[in-house]
Structure formats: structure tokens, C-alpha cells
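> Single-letter residue listing:
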Amino acid sequence: MSETKTLQAPVAAAAIAVADDTAAPAIGLWRRLEPTMLGAATFAVILIAWQAIPYVVVMKAGTKMFFAPPSEIAVTLWQLFASGTIWAPLGVSAAGFGVGLGIAILIGLPLGVLIGRSETLNALFDPFVTAFNATPRLVFLPLVLLWFGLGLWSKVVIVVFGAMFPLLINTYEGVRNADKLLINVVRSFGAREWDIARLVVVPNAMPYIITGLRLAIGRAVLGVVVSEFFGSNEGLGVMMVQAASQYKVNIVFAGMIVFTVLSLAMTGLVKMLERRLSRWRPQRAGGE
Amino acid sequence: MTDDTVPRPSFVWQNRKLLLGSLSVALFFVAWQAVFLFVPLNTLFMTEPTMMFRALGQLIASGELFYDLRVSAVPFGYGFGAAILVGVPLGIIMGWRVRVGYALDPLMIALYASPLVAVAPLVVIFLGVGVAGKAIIIFLLSVFPFVFNAYAGVRAVDYLLINVVRSLGGREKDLYLKVIFPSVMPYVVAGARIGVGRAMIGVLVGEFFAASEGIGYAIAKFGDIFALDSMFACILVVTVIAVALTEGVRWAERAAFPWRVGR
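Top line first, the protein sequences correspond to chains A and B.
Mapping of the first sequence onto the numbering used here: residues 1 to 288, in sequence order.
Mapping of the second sequence onto the numbering used here: residues 1 to 263, in sequence order.
The following block holds chain A by itself, in its conformation from the complex (with noise of 0.2 Å):
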């Protein structure tokens, strides 16, 4: 994603091209709401066209039972925030979110800053990290549920397993890259391996390790929601799978849009933090 805000200008230009050879000095207001408005637009003709298919389409007793349509699904979500019943669950999958992705955080920096200075550190561990964050997380889940049960904690491991590998890779990848002219000054003025890292090496891979925050909310969340699905008995996942199961349809898509809403927020809250963070980068490359 990080990769196609660079590619812009390509983007433009075929625009510019591809779209009409005329307009192209002058770019209205239409050309700038164009996106959004399109956007938008795809949005609401498919939430259209899902609520008027009961009218279109003469369904079977069997198959309206899986049939909720947009305006069913939206007063549920209203339901369940006014009549204040979401918060319970929401509470929980909340709590093993942020313990997980916390402990991840704690265990994923070090060790990718640590991995990232030391070639053997690295060759070591170099094994379990591709083993480990090629396998699907969810193949430890019934291990998981048998060492620690239900509840928060095989939550927990799950997802700190699925979040901790985008940040310790990218924390790797970032060290990997710092500047060695910038270490071997700080390595003069007598500084030890701490003063580097904590001077040189992590602030130059903070975006690396950014881009790995916003990968690991992702696994986070897909995290929480299959551990909840799987084996837990509490949880806004629980809520959905029970309500699958009864054939409550509104109220999994709600708990769908529930999660969707609550991941963009954050990846968005974390793209903001980038781009906060880098403000700075521009004026520093003047010495590249």
C-alpha cells in the first residue's frame, strides 16, 4: 500500500491520458470530487441493489433466513449501541487486542532490533521467524485452547503470534538499513551498542516499524476474531458465531461492519503517526 502513494505521478499522466485528451490543464472540481464521489457511488448502488433484492427476486422460505438486508443491518447496529449490549463484548475483544498487540510490541521490537544488529543472533533465529510467520497462526489454536482454555489468554497468544512477525521483520529490515556512516560517527564520539540503537538505529527504522504497526493491527484483528470464533466465550466474535448459528444475519454483518469500522480506524490512526513521524525526513536526505 505504502508502495502506491510514490506512484502518483504515473497515475496522473495516464489519467490525464487514458481518461480524456482535452481537460487537461484545467482540473475542475469535478476532477477532484471525482474519486470520492465514485467511490461513494459503488457503495451506495450496491447497498441498493442488496435491499431491493427481496423485491426483485422471490426467495424461498430457506434462503430468507440468510437474507439481511442494509437497512435490517443498520437499525441492528443502532440496537446494539443504544441498548448499550455491544459494549460487554466489544469490551473483551477490546482487552485481547491490546494486551496482544502490547505484548508483541514488547517481545517484536528488541528482538528485531537485536536480530537486525547481530548476523548471528539473526542466523539463529532466522528459522523459527520464517517458520513461524509463513505458518498460519490458527493451526496452534486448538494447542492453544488446551494449554490456557477459554478466555483472554489463548486470545492473547494468538495474537501475539499473528502481530508480532510483521513488527519484528520490519524492525529488521529497518536496522538493516540504517545508515553506517551515521553508526560509525556515533561509534567515535564512544558510544556503546545501547547509545546506537537508541540514537541511530531505531529512529531511522521508525517508519519500517510503522509500516510493521499497521500490518500487525490487521493480523491483530483477524487475530481476536478467529480465536473468538474458535474458542473463547465471551467476545464480539462469540456474539457473531452465535448469531450465525441462530441465523441472525444482521447481526453478523453488524458485528462485521463493527470490526471493519474499528480496523480502519486504526490503521488510519497509524498512517497519520507516519506521516507525523516523517516530517522530518525530507530536510535529513539533504545529506545523502
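Since the hints were made in silico from the structure, they are not lab data.
Treat the hints with caution; some may be incorrect.
To be verified - List of simulated lysine to any residue pairs, SDA-like, C-alpha gap at most 20 Å:
no., chain 1, residue 1, chain 2, residue 2
1, A, K248, A, P69
2, A, K271, B, R54
3, B, K17, A, I169
4, B, K221, B, K17
5, A, K271, B, K221
6, A, K248, B, L127
7, A, K64, A, A52
8, B, K17, A, F128
9, A, K60, B, L122
10, A, K248, A, P54
Put chain B on the given structure of chain A with help from the hints.
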């Protein structure tokens, strides 16, 4: 750079990464085995490597393992194949037809951020636990990396090449076949790396929910009957397959598009 003048490094030094890696894996298994010389082993909660490998041998000998793997591989193939066939063209069109991109990008982002695993119960209720249900879950989980990467790939197409083809009288079709498709390929393969992982999650989700065979079902079943040696054996197999698939894609990436290494 400076290493050119240094005398040839020894064999050990040249392969130190591989050696250290194997060493640490070997140490891991030895330590795991050794712990239970001091700590009593409760086979209901833990197993040791020797027992795990013995169980693995039995699963292979009885043919159970390969049967379950075959059962899981079929929906994986269908779902992942469909993800490529749908995701790549969709991403290319989104990238090339700018308005289509505007229209679909927010929807795709929202769908990607939503926990699509959540529709798994609905899919299972609707389509049952057979190949179709699993394949759809796998498709839903693995299609987005292809869409986004093909999309990004088109946007990175060298505009000069397009102008050249246009100047020489190329049509839209030539553009797609001669410029866009080749430059999108590396992105698609990179997407496949992410997609493979997500497709495997799809397999497991489908089989944990409701299944009577398949590798995910086997893991859940062995967990339920506290057969931890067999369970660990299956987990090990899944890990090996996962690494083989992701590293395989990475290898293909390096072999096919050597100029992109390091991106």
C-alpha cells in the same frame, strides 16, 4: 566490496548462516527432548520430539496424513485458482481504467479490512462443509492480495513503454499483452506470497468450523482426544508446507524476475 582483497573465506564462514540456522533448529529439538529428562512429561499437555516423529511415521504409514492433505488440497486449489483468475484481471482493470479504480478501490479496502472470516459460518450453513464451501472461504481470503498487487503493478507501469507502443500503432490489446501484463507479473507473484498464507488460513477456518476430513480437521480432532503427539506431527507438517509454499513463491520470484530482488 572490501572483501574482494581478503583471502577466500573458509567453507564454514561462507555457509555460516545455513549452519547456524540448522544448528539452532537442532538445538531446539534437543532441548525440547532434554527438558523432559528433568520435568515429568504429562502427555495430555505436551509431547516430546521422539514421540512426535513416531506419530508422524504412523500417520504417513497408515496413509491418513496424505488422505487428509489431499482432501484439503482440492478446495485450496479451486479457491486459490479462482482468486488468481478473478483478482489479477480485476486489479489490472482497476489500475488501467482510472475511473474503475476510483469506483472500486474504497470498496476493496473496506472488504479487505473487514474480517471476512466472519462470513465463514454463513457459508458453511449455506453450502455445507464440502469442497464448495471451503473453496469460497479460501477465495474470499486470498483474492485481495492479488487485486491490490495487480492494481499497484499497473500503476507502476513505465509510461514511456506505453507511449512507444501507442506511437508504433499498438492497440489496447497490445498494450495489455505487451506492456501491462509483463510489468504486472512481479507484483502478482509478490501478491501470491501473501495470498498463499491467507488461503491456508481459509483452509483451516473452513475445516475447524465443520468438516469430517482434511488436515485442519485432523489437528482439531487430535486436540479433542488429547493425542498430542499426532497433533504436533500435523502442526509440523502444516508448518513445513507453509514454509515450502511461501519460500517456493519467493524462489520463483527471484528466478523469474531477478531485477526485482531486494524490493
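> Compare the structure with the hints numbered earlier in the document and write down the numbers of the violated ones, lowest to highest.
2, 4 and 5
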